[in-house]
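Okay, here's what each chain looks like letter by letter:
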Amino acid sequence: MNVSTAQQRRVPSQAWGTKGGGRRSSILRPGATPWLMLAPALAAAAILVLLPVLDTLWMSFHDVILYRPRSRPFAGLANYAWALTDPVFWESLRHSLVWIVCAVSLQFALGFAAALLLNRSFAWRGIARALIVVPWALPSVIIGLIWTWMLDFNLGVLNEIGVRLGLLSASIPWLAQPSTAMAGVLLAIVWQGFPFFAVTLLAGLQAIPGELYEAASIDGAGPFGKFRHITLPGLAGVMATALLLRMIWVANSLDLILVMTNGGPGTATQTLPLHAFLTAWSGGNYGHGAALSVLLTLLLLGVVVAYVWRNRA
Amino acid sequence: MKRQLRLLRLLGTELPVVAILGFALLPWIWMMLSSFRPDSELTHSPITLIPSQLTLVHHIELLQRTSFIWNLRDSLVVACGAVALGLGLALPAAYAFSRFRFRGRGALRTGFLVINMFPVVMLILPLFVLMRELGLLDTYVALIAGHATFTLPFAIWLLTSYVDGIPQELDQAAMIDGATRLQTLWLVVLPLALPGVVAVGIYLFITSWNEYLFALMLAGRNVRTVTVALQLFIGENQIQWGLLMAGGTLVALPATILFLFAQRQLVGGLTGGAVKG
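Chains as they are written, first to last, in my numbering: chain R, 1 to 313; chain G, 1001 to 1277.
Treat the hints with care, as some may be off.
[Unchecked claim] From the structure, some residues in chain G lie toward chain R, with a derived Cβ separation under 10 Å:
id, residue
1, Leu-1025
2, Ser-1040
3, Leu-1054
4, Ile-1069
5, Leu-1072
6, Leu-1076
7, Val-1077
8, Phe-1100
9, Thr-1110
10, Leu-1130
11, Ile-1156
12, Trp-1241
13, Gln-1265
Since the hints were made in silico from the structure, they are not lab data. None of these values were measured; they are calculated from a predicted model. From the three backbone atoms N, C-alpha and C, an ideal C-beta is built for every residue, glycine too.
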């Protein structure tokens, strides 16, 4: 390597404002450069995420009403006391648990089945792998729209098919009656989210070395034994991370329910984030809504900590 | 023997795949099909499964007689803005995370990860108040900033792994030749990471194009994206299913095509975080 050329070329570089000293030492001792490069992203995150979070925390301890923005007296724990003594809170919490458990487990089961099938070899596997993600690429509003249309009492295709096949004795107003509304929105979220598990678990399956299966075959393991002793342990890490990520996402998501039922009929599909949103927005009580948001965040904290711990750099 | 194997594969693999793909695709196909059927078929019970005729009347009415074309423009402006701003913020940050070892690096990476974990309801009200006080409510700026920031963690995460894949020796060679850090990023790393950058750009576009809650809260009157516009159609007393399905078909198209186009890169990246664990 021609050292003298490098030496000569170093001069203009300093005129452009690189920090002085050797190039290699600038990689080892970076000084301010990484912070300057991170500054815009950090500023955006501070203003648009950190500040709002702190603001919500502040509001949860104050009496903040939408149409009375100037007067925001300190309220202590009154907002939390209101939230915890309100029966709607406990009902929303119950709905949230049903929502999270049913949505995530059904998405997982369907996604896992799809991943196992798509990992086998057949002629049109590539196109099948591509098309399975379609529901995942669609906006929540459109997903809500599609399923509201298909579940419609008079004009819905699912009622029509159900009646024709004899599965239903008559049309059911799925989203309009409290006993079936949750099942209706769950169907939509399962449809939206199962491709996530399909592609995640498929990637995990492909990362398991084929030699393990060959070795197991030589040792006389059957299909079930291979699944039990190679596939499941090999996928455990991917499964855990995907499940945690999905739980957080499903727990926080409210747009699909907002579009399909607006929490109704009555409060039959009102989950905790939707309760917080409607209290603050439709009810105009930011203090109450903020307290509900903080409670939701605290309830999710365990899952978030587990996820971050798994992904720590 | 061969025929038996073939039958086994058909019954054990291909038929179940067809069933799952049917579940994934039929609702989407039903929406598109409905958008091309005349009102006489859409609004009469009992409904028919097979259309007797196809028509463009709903699509034409949507584009000519409603404000939908302007909603499409607003969505396009916001999504493109979010792509530009998001990449502008995430690319230098990803480069810093990839190339430098500095105090607080691990904590910051975790910090960015946590951004995604906060419930949107926790952010949306203060953001609404903030944008109102800044006079930015119902502008492109508010929505672009909101979308770009909310997608920042994943964009940084994904870009960091792409930049990690480019050998450091190239940076060093460029800097020995006299390039600054920013020049190195712009002239050496960016061209090499372009497939990854495009994939992240597409992810940002789809996320912004599909987003509803920010678009509803931070805008909605002057700047009305397609998702908000569609939801307002539903809210009306007499639901016009034909118009809604036409709108849904048009809105779903760009996201679906882009996703299929960038799928290989995106799925690798989307699952990278999960596979790593």
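Checklist entry - Which numbered hints does this structure break? => result 2, 3, 4, 5, 6, 7 and 13
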